[in-house]
Amino acid sequence: MNAPGLAVITGGAGGIGAEIGRRLARDGYDLLLVDRDERVADVAAGLPNATAAVADLLDADGPAAVRDAVRDHGGVLRALVNNAGITRDARVRDLDDDAFSLVVRVNLVGSMRLTYGLAGDLADGAAVVNMSSRAGLGNFGQANYVAAKAGLVGFTRALALAWAPRVRVNAVAPGLIDTPMTQAMPDRVRRKLVDRIPAGRIGTPADVAEAVAFLASPASDYVTGQLLLCCGGRSIAA
Amino acid sequence: MSGPLVIRQQPTAGDIGAIDGQLTDAFAQMRSAVLDGRPVVVVLEDRDLLGQGHPADAAVATALLGIVRAFALEGARDGWRVNAVARRGEDAPVDDAIGGVLAVPTLSGQLIRLGTEHLGKVVV
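As they're listed, the protein sequences go chains S and F. Here the first sequence stands for residues 633 to 870, where the numbers follow our numbering. Here the second sequence stands for residues 7 to 130, where the numbers follow our numbering.
Hints listed in this document are in silico derivations from the structure and should not be mistaken for laboratory results. Treat the hints loosely; a few may be bogus.
Partner residues aside, some chain F positions facing chain S, computed with beta carbon under 10 Å [to be verified]: (1) 75; (2) 86; (3) 125.
These numbers come from a predicted model, not from an experiment. Glycine residues also receive a C-beta, built at the ideal position from the N, C-alpha and C atoms.
Construct the complete structure from the given sequences, taking the supplied hints into account.
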């Protein structure tokens, strides 16, 4: 591959974000992990060639703070992974407007703002990878999350066309992944969900990180505007 | 219970700040409608579903379609009827398609695309 440069990963303090960092580090990237959670510094400290930036992408100056950190690094920005996200699950009848709006702003608008904020810093041939979700195809009790993750798919497609051929833009849509959130599910619920996954197991953060690494790398140089479902086949199962 | 709710995707003029408001407003209207037993049809721009317009409009279009699917899934047992119609251009006639969608009582969570622009493309 080309000599990697800098990769920016949002949501870097979380399990999936940290795993993406570990995976991209293996490919030789320098890393800038971004999170509003200050523990992102601890994650960065455990990775080679990694630094951290604490920023809330909903703040007016959030994207600019990340851009400053990129420029402080002085390297070439080769990859942006928009991984930051939250959930506020509730059935439609119980989901209030504020919770709907918050999830849309964090998961969709925040990613869009940062992407545009870094537009001028992305190198020729760089890659943007947006973290969508299989839930974007429809999910129970997550209308807000579904909207945001489905919105990222449209954003991915249109931005891929707008920025081609200089920058590639793709998305990954994880299914059920082994995270603290899914570990907190009752065993009965978790087993029922896993039973519906053709791969026969829950996904791991490493599964997601591999998909991200592929779309960030020159191995996918002819791939842009696409959604890679990383869900063990759940999206095609009954 | 009264007539159907028809929501039309609004252009963002490239303003990312307009996305959240449009989606939240659509969600609130749709929630109110289905809880009142009213069917919902969301009119989308096919160009944006395909990603051929501004990224902000594309995000709105696919997010609205996501809401349609989430509502249809969640309200299946309660008989919620929530669908989408995609047209090519703001002036494209869409009333017949809306009427057709509303005429099928078992239809929910569907996207009806008018025209053929989507053929040969990856569809959402």
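These are the hints, each one checked on the structure:
Using the Cβ-Cβ criterion of 10 Å, the hint placing residue 75 of chain F at the interface with chain S is satisfied: the shortest such distance is roughly 3 Å. The interface hint given for residue 86 of chain F is met, as the beta carbon of that residue sits about 9 Å from the closest beta carbon of chain S, less than 10 Å. The interface hint given for residue 125 of chain F is violated, since its Cβ lies 16 Å from the closest Cβ of chain S, which is over the 10 Å cut-off.
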